[in-house]
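J.: Required output: the full structure, derived from the provided sequences and hints.
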Amino acid sequence: MTTGDNILLDVRNLKMYFPVKTGVIFQKKVADIKAVDGVSFYVKRGETLGLVGESGCGKTTTGRCILQLYEPTAGEVLFEGKDMCKLHGGELRQMRRKMQMIFQDPYGSLNPRMTCGSIIGEPLTVHKLARGKEWREQVGELLRVVGLNPYMADRYPHEFSGGQRQRIGVARALAVKPSFIVCDEPVSAVDVSIQAQLINLLEELQTEFNLTYIFIAHDLAVVRHLSDRVAVMYLGKICEISRREELYDNPLHPYTKALLSAVPIPDPAVEAKRERIILAGDVPSPLRPPPGCNFHTRCPVAIPECREVIPEWRDVGGEHWVACHRV
Amino acid sequence: MLLEVKDLKTRFFTEDGVVKAVEGVSFDLAEGETMGLVGESGCGKSVTMMSILRLIPNPPGLIVGGKVIFQGEDLLAIEEEEMRHIRGNKIAMVFQEPMTSLNPVLTIGRQIGESLELHKGMEGAQAREETINLLRMVGIPDAASRVENYPHQFSGGMRQRVMIAMALSCNPKLLIADEPTTAVDVTIQAQLLEIMKRLTRELGTALILVTHNLGIVARYADKVAVMYAGQIIESAPSLELYGNPKHPYTIGLLKSVPRLDESVKAKLIPIDGLPPSLINLPPICSFLPRCVYAVDRCREQEPQLVSVGDNHYVRCCLAIEGGKA
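Chain order of the listed sequences is A and B. Here our numbering is used: position 194 in the first sequence is 177, and no number is missing along the way. Take the position in the second sequence, starting the count at 1, then add 5; the result is the number in our numbering.
By construction, these hints were calculated from the structure, which means they are not laboratory data. Note that CB positions come from ideal geometry on N, CA and C, so glycine has one too. Wrong hints could be hidden among the right ones.
As the list claims (entries may be wrong) - Just some of the chain B residues that point at chain A, by a computed CB distance under 8 Å:
hint : residue
1    : Glu45
2    : Ser46
3    : Lys72
4    : Ile74
5    : Phe100
6    : Ala195
7    : Gln196
8    : Asn218
9    : Ile221
10   : Leu244
11   : Asn249
12   : Gly257
T.: What follows is the structure, given as structure tokens:
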């Protein structure tokens, strides 16, 4: 891949296997769930990388591995040139200040017994960034930045709507002034009319604070709106990655094509003319991924070779990478 | 007309006050027609459907007014005994949650067989054979052996297929699908919608597709009704609604979602504010506090659902012109 000093995050051959154990007392490992199985990509400073795929494809696990919320089985996560996987204790905590996460579930990700202010201010306390009057001022400022009122600091999460809670989650992520944020499906749990408000907020914050995002989502239209480059994941692997316009106008991998054609467009006149690729069957279990290309069980253009040989991850020009025998 | 809903009103009497969940909803549906009912969470879509089937828990809920005329008979006036004969038999429903709407301790075959026994009087081998046929119909591979499986052995998409098979088992005249694809992935969503559309067309079943996704409805519905705060605020044939939306809320919804077939906009245009609380609705027009087109006239007179074209109705005193999103 291209290298240069503007690359903030470089993920190399990342693997995350979760062991499956049996036995009550003497536990024995019987298999691995290959949630992320050899993923490589990079993110440039100030850009947004969209990460799309269906549930269970490993998008969230990838995000969590980058932040070292999981300890990856193998691979490197180079953030500002340092391998996050090799850091421990205080050093890791120092690096983590630069990377934050916004979670999907606005209900589950906020402690119901803490006030909104103490939720947002907790990172400030943990990293010893502010206390007393200064702490209160910063919390108020964070609330204002995400479009809430500073007087709301004393309220509890249940007093907020889903969209507002998600804003609290954004404020908490911003508290330590990170340079990089993993947004894990931040808009999927809120209503359509609120979605646009949040998307606009994320975009404004990116410009204001010069943030770099990984935006994880299953809604391809939202990802297209926000991202500079997009990576498509399937069953623990990235099958295609490219600049946004290229990926949406000229998708190469059959899975990307099917995904794009499955997204409905809110216009019956357009829909009537669109051709749809309906994929047969379900996503196979990551416990026993198919041999060869992991998409061959559902692929409409599969050839015998696909069943045996793992397709090579290759560059087809112009930052467009794809893993498919038929391209 | 197969179904005529007239001025339906459902309320929930809670400790915090009266929740006006459905406030004068009227629509009709011809045999074999597909209608989309669109709106955000809490706007009363599901309660409207539950009211049609008389599944509103009482207390706290109560249908306080209106008529639901199905095949010439007012469902709100008949005995519970008769209603039970209609539910599942003539009007069937597919729910949002494929995980919780199947009984985890009964096999799939047993669960589909139950409605066949109850409504069609089938038994034993005959019911089993019919069940296998139904599973094949909704595209479950290896149906003959899957019939012995329990719900946890199926994926989310497969479970929703089972729900569709169960719903269609008695050849209903009307199928209500309440957010049938919200819990599944896009590629599975496409599969399920194609199956539902194909089967309802083959069987001549009318379909009400309840969803918050404007895109789904565009492809599959003949006509669309948009709900906001317990009322239908706009309804029209699909082409007309998407091509010529008139209500500020519909226009706002269409503008606020990014589309794959449009060039990427610098910014989305969101609808400001939040949906209102159904306990404490804004007076006169419930959308007024969020409306960008509001004028003085909006504060004086309650808007009525008025015709603005061929089968196109809007509840807005402005009925915005030319607001294509």
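J.: Flag every earlier hint the structure violates by its number, smallest first.
T.: 3, 4, 5 and 11
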